[in-house]
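Make a model of the complete structure from these sequences and hints.
Residue numbers (our numbering), protein chains in the order written: chain A, 10 to 490; chain B, 50 to 161; chain C, 91 to 257.
Simulated from the structure, these hints should not be mistaken for laboratory data. Quick caveat, the model's predicted, so the values are computed rather than measured. Take the hints with a grain of salt, since some may be wrong.
Claimed, not checked - For lysine to aspartate or glutamate, the following EDC-like pairs were computed, each having C-alpha atoms within a straight-line distance of at most 16 Å: (1) Lys177(C) - Asp152(B); (2) Lys116(C) - Asp152(B); (3) Lys372(A) - Asp152(B); (4) Lys357(A) - Glu103(A); (5) Lys372(A) - Glu329(A).
To be verified - The calculated label-pair distances, taken between Cβ atoms and stated as ranges, are: (6) Ser194(C) - Ala275(A): 15 to 23 Å; (7) Ile221(C) - Gln14(A): 24 to 32 Å; (8) Trp180(C) - Val46(A): 50 to 58 Å; (9) Gln198(A) - Gln53(B): 20 to 28 Å; (10) Gln198(A) - Ile221(C): 29 to 37 Å.
We treat Cβ as the ideally placed atom computed from N, Cα and C, and that holds for glycine.
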Amino acid sequence: MTEQQLMALLPFMVLAAASIVIILLIAFRQGHTVIQVTGFLLMCLVIFAMWYVRGVLPQTIAPLLIVDGFGALFTGLIVFCVLVVGLFSYIYFEEREENPREYYILIFLSTLGAAILTISRHFMSFFIGLELLSISLYALIAYLRTRNNAIEAGIKYLVLAALTSAFLLFGMALIYMETGSMDFAVIAQRLNAAGKSSALFLTGFGVMMVAVGFKLALVPFHLWAADVYQGAPSPVASFIATVSKVGVFAVFLRFCQELHLQNNSAVMMLISAVAILSMISGNILALRQQNLKRLLAYSSIAHFGYLLVAFLPGNNTGVEAAVFYLTAYAITILAAFGIIILLSPGEKDADSLSMYRGLFWDKPFMAIVLTVALLSLAGIPLTAGFIGKFYVLTAGVEQRAWLPVIVLVITSVIGLYYYLRIISTIFADSPVTIQKERSLNQFFYTASYAALVVLTLLLFGIGVMPAVIIQGIKQFLVIDR
Amino acid sequence: MPIQYYIAFAATLFCIGVVGVLTRRNAIIVFMCIELMLNAVNLLLVAFSKMHHAAALAGGGKNVTTGVEGQLFVFFIMVVAAAEVSVGLAIIVMMYRNVHSVDVNFLNRLKN
Amino acid sequence: MGTAQILFWSLTALALISAIMVLVSKNPVYSVLWLIVVFFAISGHYILLNAQFLAIVNLIVYAGAIMVLFLFVIMLMNLNTETEPQKSIWMKFFGVVAGGLLLSFFISFVISSADLKGKSAQLKEGEIGLIKTLGKALFNDYVIPFEIASILFLSAMVGAVVIGKKD
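Here's what the structure looks like:
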């Protein structure tokens, strides 16, 4: 391994070292505050390291990894999400008088798994990154093991994740049989040489889709999503909704790009069918939800359906649209979960919709942030969600994928109904049911508020001036091509 | 040995594992069936690795290492399975402490 | 029929019968023991394919470590035939039908696929399964996943401690 390759891996090494630093801090009996602040600074260090190594990219670390603009973009998004999730976690766990020190180790290890996924170009790193992500997630979901049915959510996720990773491996084995290689680039080469895609490869890909669909909570593998979002601690739920999905989506996108699967009509049929099903069932299941966490779960199923439409074209426009959409989605979901976390009273999570009745008259700031987040999820103009959806739509129309595009438009209208229902609840004129006193560390409370303000401003900023972000994404994406 | 035999054998083992996951209610047995499925995949990968190796040898050339990644992948699958089992059993034990059962049908409290 | 063929078929039969026994045993301890038999049969297959390293690792890791862990947990909970929950007969029926459909799909595909014709796995010879070859590849090309696997163990260790610790 050359020096430059080591340099390119620096951010990932810092990420791995972060968990060791936290372990050492625990060994020296430091408190929650120290660990939280150190964790925050370490994540900033990761971002700094990414900026520092930008000159040596792209680097291929044969045979497993490739650190290029694509990977850097997704890793940056992941680390940003972890920064915000980490900040919100402090308030959440202090409120429950837990001493969540090991929590931060697991969060960082899980992030490392997702980051490895974004730079992997080989089945082996794909699998190990995915398992590093999910093994840490098992423990994170069941972290508050005595409350909130967390164990139930943990077991559901555990059994289904283990089952689907067996399917993933079976699919990988079939593709290995067909091509004799596990390297994405070599697989592409051999498939091109063979001329046509064989039944063996298609079966392998279909079986692999089970696992990818499970991790991205696409229909028909979405059954876990609502239960796990509801049972897991809110910061962990926001972590699953953002970091884990971004990581898996990145590697799936890279796999399909390398193999030029967009030219394969059978694969495209499969993906559009999954996209259409996800858009329809996600939105319909969300219609009658009375639980905000479950509603966000169903809404994220629908959003990944939209995202798959951007995936169909397979050219650079599609990738840009997907990255842009993911950025907007991550910011929005983080803002929504941030409100749930800040409003959660001691024992339970504030997930019942009735708790939000008349929120505006009591806590106008939080009500406005939540409203903006919901409007962005619904795709109302001036918010980031609108531009994202518009971009995806353009990518779909360019490809003439009419059926998915039409379903996207119709289901977006259905989606509007339940987002507006929550907003009308927030502004309803009635006594407030959330009672909550604070005797917390004032500093972190202010910091969380500040983070929410930044997220809201970002939502508007991207919504009004998307060109800045799009330019940035384009600059990153040319690094490898 | 023709590769079809290996694929048929591994697919049968894999499907026995799937049937187990679908028909048993004991969380531990369900987890064991998943291990069975992983083993089926392992056998498949080793057989494929030997198949590609034989093909590379037949194509001439000495000291070919074609197929080595298949066997290394199996090694990593075993590593990951061990890690997964340790966390998984910890969660199942915790479930037993909470509800005094390992029956997956007891898991029905999360709903709207 | 040579020795290798006889061994192949007997190991296959042993593995399949034991795998079915894992499912039908009412007592979880018997299930564990049958699963260990499956692992031994699969290790036998590895030896037949001259994958000596994996054969030994399979015995040590799966039959040794993982199954002992399962056995400990089952005995800790004192599970036996009486406590074993049973699914309704219809659920079982649908489970078997679903598995059978998946299997028939795979089998029909193996029979019909033209790509598979004439390909065979090499028995008894070939050097890639030896520790020497695997070790060289593992510590040259594949050293990064090896390191990541160590991080994975760290995460599993922390996770197991976090979940299992006393309050």
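Here's how the hints hold up against the structure:
no.	hint	verdict
1	Lys177(C) - Asp152(B)	holds, 10 Å
2	Lys116(C) - Asp152(B)	holds, 14 Å
3	Lys372(A) - Asp152(B)	violated, 44 Å
4	Lys357(A) - Glu103(A)	holds, 13 Å
5	Lys372(A) - Glu329(A)	violated, 37 Å
6	Ser194(C) - Ala275(A): 15 to 23 Å	holds, 21 Å
7	Ile221(C) - Gln14(A): 24 to 32 Å	holds, 27 Å
8	Trp180(C) - Val46(A): 50 to 58 Å	holds, 57 Å
9	Gln198(A) - Gln53(B): 20 to 28 Å	holds, 26 Å
10	Gln198(A) - Ile221(C): 29 to 37 Å	holds, 31 Å
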